[in-house]
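FYI, the numbering used here numbers position 179 of the sequence shown as 163, with every residue one higher than the one before it.
Be aware that a few hints might be false.
Claimed, not checked - BS3-like mimics (lysine-lysine), calculated; alpha carbons at most 30 Å apart, straight line: (1) Lys225 - Lys241; (2) Lys241 - Lys364; (3) Lys178 - Lys364; (4) Lys12 - Lys291; (5) Lys241 - Lys12.
Said to hold, decoys possible - DEER-style ranges, computed between Cβ atoms: (6) Thr7 - Asp404: 35 to 41 Å; (7) Arg2 - Gln154: 30 to 36 Å; (8) Gly125 - Pro429: 45 to 51 Å; (9) Asn299 - Asp329: 48 to 54 Å; (10) Arg2 - Asn374: 19 to 25 Å.
In short, the hints are calculated from the structure, not lab data. For glycine and all other residues, C-beta sits at the position ideal for the given N, C-alpha and C.
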Amino acid sequence: MSDDLVASIPANVLNTQRIDFSTDGTKKVRSYAGHVHIDSTEHPNTRNHLFYWFFESQTCNPEVAVCDQQELISRTPLLIWLNGGPGASSLLGLFLENGPLSIGDDAIGTISVSAGSWNQEAHVVYWDQPIGTGYSYSDTGECVHSETALGEMFWRSLQEFFSLHPEYAQCPLYVCGESYAGKYVPAIALEIDKQNGQVPAEQRINLKGIAVGNGWIKPELSLRVLIDYAYTTGFIGMGQKDSLDKSYAEFQDALHKQEMEQATKLGNALVTATGMYGGHFDVYDVRRWDDLPMGALNAYLNSEAVKASLHIPANVAWQSADDNGPVAEALVQDNMADGSWRYRDVIDKGYKTLLYTGNFDTACGYRSTEEILDDLMRQKGEHEHAQWRNAPRVVWTQAQGNPKGFVRSLGNLTQVSVPDSGHQVPAFQPQICREMLYNWLLDRPFPGYDPQQPAKPRNGGTG
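Construct the entire structure; sequences and hints are all you get.
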């Protein structure tokens, strides 16, 4: 039996009941959790400890030995899920978005089985990274200061994970995430691609693609769109927009001068001011006001019983932040930098790429992604740009009700806009988001039609 096996977890903050992964209504799943330990490159004789929580696909049978279903295990996709922040734990994604478990907003934080889990047809591993995020920590308290360093550390973490679990080492790997992970995901993918060209065959990782939801990719564009969106939807008036436009010009000036710390300070102040002028509307979903605190999840993940179940030392605290704290401070040079070039490189290297957005997100929503992709295709040349502009934008339909989404594909690139959704698409539209993921992942069609050719119903391609 593996030392990192998760046999059961508390069913609530008080630990009055437990969920047994071998018998309860969790569809019986193999689950592993713990830390990988890697040497620090900055401080000799110290280590960094990155936390993972793995769930095997529900297509596999946990009651059958791995050796008796290795072929099935190896051909099943392995998804890495990363939340953003910077500083946001990926266990937010597990319990609040796309994991097999969810936590209630009741007094005792009741844990229940989620119907929208992404591990229905894929293995999923939730990673707390970079160090300082969630349960991940460093012996010295160090944090990473660039996407390059982050990618290198994650490559070594994956090597350690696969040495613990070689049964998953050949799985088709997809790096996925949302929000600030729009910076993390392509950086990690490019590091894997680079290392794969330098290491022996047995150490190569079977990277196949990336998927990013509502990515924080090009802040200069996203902040301009934020102001426009707030004005268009009536959250700010013309005079307030004029004031914000002046603040934006100051931010842009600092950014172009490569004064990144000042640009980050001004950019964050711009987001705060926009929300304040609009009565503190939720920039992640303009239909709502600021989110409630995550008290139940914080209490649950910091309980001794949960830590023991997940093989976490009792003195390690779970912590999560959204663009504040030591993790964000360490990445201050990166926060407002343009990361869109990494997507160009990932696409040019032939990896499948999915970018999806919820249409009510003002911070990193549809328009930002649309303009980023249009600019990337323009850089590739006039022909490629025209092809992308003219690619059919399929209305992805369902038997009854409103469209599920709008899908455009060209080659290995797929873009999906999901209606009636904010920043965290898996939370707002769990069933639709999972279907979208599997359609793209497994090359299934997006049934729908091209409204510019109504007489010719078609299936949206997946690239």
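Quick rundown of the hints versus the structure:
no., hint, verdict
1, Lys225 - Lys241, "24 Å, holds"
2, Lys241 - Lys364, "26 Å, holds"
3, Lys178 - Lys364, "22 Å, holds"
4, Lys12 - Lys291, "21 Å, holds"
5, Lys241 - Lys12, "55 Å, violated"
6, Thr7 - Asp404: 35 to 41 Å, "37 Å, holds"
7, Arg2 - Gln154: 30 to 36 Å, "34 Å, holds"
8, Gly125 - Pro429: 45 to 51 Å, "50 Å, holds"
9, Asn299 - Asp329: 48 to 54 Å, "41 Å, violated"
10, Arg2 - Asn374: 19 to 25 Å, "56 Å, violated"
Violation of the numbered hints given earlier is confined to hints 5, 9 and 10; the remaining hints are satisfied by the structure.
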